[in-house]
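*Asks:* Produce the entire structure from the sequences given, and follow the hints as far as they go.
In the order they appear, the protein sequences are chains A and B.
Take the first sequence: its letter number 192 is residue 191 in numbering that gives the first Met the number 0, and every next letter is one higher.
Take the second sequence: its letter number 488 is residue 487 in numbering that gives the first Met the number 0, and every next letter is one higher.
In case anyone wonders, no lab produced these hints; they're calculated from the structure.
Owing to the predicted nature of the structure, the values given are computational and were not obtained by experimental measurement.
Which stretches of chain B does chain A cover? Using the computed rule of at least three CB atoms under 8 Å from a CB of chain A, they are:
| hint | segment |
| --- | --- |
| 1 | 93 to 107 |
| 2 | 154 to 161 |
| 3 | 196 to 202 |
| 4 | 232 to 239 |
| 5 | 428 to 442 |
From the three backbone atoms N, C-alpha and C, an ideal C-beta is built for every residue, glycine too.
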Amino acid sequence: MKNFLVLITCIFMAGIILTGCVSPIQPAVDENPAVESVEPAAADKSADSKDVQDTPDTEPVVLPPGEWTVAIDGLSSASLSGGDLVTDSGQLDHIQTIEVEVKGEPYTYTGISLDRVVARADGEPEEHPYTFNQNAWDSGYDITATASDGYSASFLSSDYDPRQIIIAYLQNGENIKPLLVGTELTKDLWIKDIASLELSLGEVETVIPTLSIVGGGADVTFSTEELKLTPYFIKESGGYTTSAGTYFESLYGGVRLYDLLKSFGDLPDAGSVTVVATDGYEMSYSVSDLKDTTEGVWVVAFEENGEQMVLDPGYFRIVKVGNPIPNIDGHSSAKMVSEIHFTATALRDFSLRVIGKMDSIVDRATIQSGINCTAHNTDVEYYNKKSGEVENYSGIPLFSLLAFADDPDFAPHKQTDRSIAAYDAEAAETGYRVKIIAVDGYSITLDSRELNGNLDVIIAMYQNDEELSDADWPLKLVWDQNADIVPEGIKAIRQIVQIELLFE
Amino acid sequence: MLLTQWVLPETAKPPVFGKEVHMNSTTRKPFSLHKISIIIVFFILIAGAAALLGANNTGFLNITVNGTLEQFSNRDMSLPTNAHPINTKAIPVGNLIPLMLDVWSFEAFDSSGIQYDILQPGSADDLFEIFIIPQENSCLLVYNDRHIPGITDIQIKGDLLPLKPLEVWVSWEGTDALKSIAADFAERFSLDITVQTIPNTATKLMAHNRGNMNIPDVVMIKSDYLPQLLSERALQPIGWKLPDVMQEKGLASFYSGAQYGVPLYSDVQIICYNPEIIPFIYGSTQNENEGTLAALKNSLSLVEEPNIPATWNVYSAYWLLSFQLGFGKQSVLEPDNSIVIDDQATIAAVNYLISLMDTDLLHAVERDGMISRFIQGTAGMILTGSYSIPAFEKLGIPYAIAPYPINQATGQYVAPMIDYKGLAIPRKSKNPIGARRLIQYLISQQVQAEFPFDHYKNPARDDVWQLSTLPEHTEWVLKESIERGAIIPPEPAYIIAKDTLWKMLRLMLTKQIPVDIGLKKAQEIINNQLSRITN
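*Replies:* Dropping the structure here:
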């Protein structure tokens, strides 16, 4: 028996020793520290919160608020200052006190509850007493609180009870700069020295993107909602690779471009489609390319990953989608598209011959892209003596085209990713004759010295943004009515097919 | 029944039944209860000690947070591998404890009980910058210049960060790797993180900001996004002091009255050349470190047709800036953040480029054409960014890189432009402190030692170069280029100048307009646009 008792004692002693060696596992620290919420002296707990009114406090706090102001922006703009909390009789109004734990110690904060604060701006402008919009609060809007040093945090109103959050001006009875603090509010949302509150109420400027389709006798504008209702709307994935080699892939929502345009009438394979972006950029696609679905479908997309596309790269973007996911060059995916022009007939092709020290045939695409290039695109207002009207033309400065033949060494230039030939300004200053010839053989001759650097004299391809009329097509020489230098002998020669540089 | 009773020999008695029991020396001595008790206690103590030691896998360090002993997994304590044999590998304390909102006490104890106070009260922003280095039976704690050996115990008191979801928008190169790093962070700290690749984070953020749509918590930006984003009040200042090892140029890239972004990495302009066309970019006798414009021009002049000596998009101000600085300009912007481009330095720079084009040493080609010519092996030299290196590596084409030269006439570098990408916190983030912790993780030494080098980018902090896995020459070129380079300024003046010069440079470089007149005209346009903004 005695030995048995010795055994038991030893086991017991061992247990005591082990207990001393191993610390007991402490419970995890409560992320929402223990709080004793002191009932506000005069809080109205009415269930019908629309009728919540301000009621005066009956037990004034000893220290009045300091001088501070918090700006409040919501449906209206207002502010809250320390002085607002003091009534005419010197009483402190709408004050309540909460207790929270800070660094393991209980802290008492005194201030005004958040419902009283947001009530100043959650409705139409009004005078005190302010009506708190409980419905809006419960529906949920974002509140962004910003400190004077710029630190900001947002939270959703409906996640919290506004009466458990205060803008405090007393901490343990001492004045502090206004602090957003709450028993339910996680500490990352406590804002010291709060300077403003923004409520995401109010009307947001809603953009309804529209897309214009011009061609086949149609001139129609569609909203995104209308496009979604067409039978051409699809959602599929597409990708593109930028020149930097970065690949972007998204789930696009948009309408099949070929099918949409075909709904307006005949769309022969030889036809073309030109998309115009909000910054004036243009990109042309052949109808046959748009029709080919072997490697995906061309769409004009306006949704990306379930959201409406924002301006740049939206609101509309041309992209190819399908399964397997197509990967196109980034520059083929025209963005910020606002208009789509298509021709039910084939493009009228033409070329311009430029002869001098070199013989160049400049095709339509080169001239068109040159005009599209922001460095060359020039508009002039030409005064037509016959009609007595001022006409608007777009084109390329004549002297720029002389580069195709003003020296024998450089290859003809194009405006995309191809080499650019230098224009021989020195030769132009030295002087040579420039003969401009129309299809019927009619010609005029100008002096290169009066054309050199002269942006006011252009070879136009468009009048009022349309291709030239048959009488003038394909190209016409015009000049601005306010040109500094009007070359001697210049005439508005039309149907230009050739330019000759004559060096003596 | 015969009962066998264990007795000591001297007390042996005859059995009750008369049967003799013989006890001799070989008989097993009886085992006393006393001895049994000691053995039991001993095993209990061993088991307890084993349990105690097992609670901390390291065997040399206890870390408690608010009294709770933190458990480390082997993964936490596994050290990153790298090819440098001499570097000390360390573990950030931030990797070993939960994410903290605030820390008001950080005490370290050595084995003799000496206490060291580490962090200032109220600071949790440095937890990824405090390292422990395991040693025999203890660890070395390293924090800035403090190296404290023999630490066995760390006690931290503070508020844990509420675990709220994080949304992150990323862009540019390496987004897959960034998503993977974010996923590691999420797993380590039991967070929910969504990472989206966005082509243009600025336009999307501004649209969402205006439209009261969802706002991310962390957004990747570049310096020239800053003016627009600040004008829309889309960002907040980052609000904490960054480690001293962050590159000053990176910090400056995102500073506009306050620090609005944290640099993550940078790309820098470099010379890329085909050694089969140009064996020595600065000539066989000139050290690359001392390479001059004259030597470069000489090397280009030796290139024979049909190859093109040099080609780049000369019409872009992005490439002109370097030459402006090389020809005497002291800085991209003036002290009042305006920009001057009709000065002598710029005139000289443009005239120099014209002279290269006149002598057929330089062909003006836009970016796609330039890259395709280089890949085809018909261009001797191009100007590009370090972001091109991975693609050239992948293609296996012959290429070499070199830093920009010195202009021997002015003694100034043709300074390459440094393009920093950084991380910012939107003003309307619902989890700004969580965002802060993720950013601190992404700029921590361990992440910075891997992600940038894996993508041939420059890290944002200087203390990780010793952990670089880049080839030696590549590392030297990138470091030297950062040293010589100038940042793209986060000011509206730069953006306006870039757009204006895009049009004017074509006219000047193709001699359609004299250089001085073209630059004067461009300056007027820039000044008008700037005055509209400032008014």
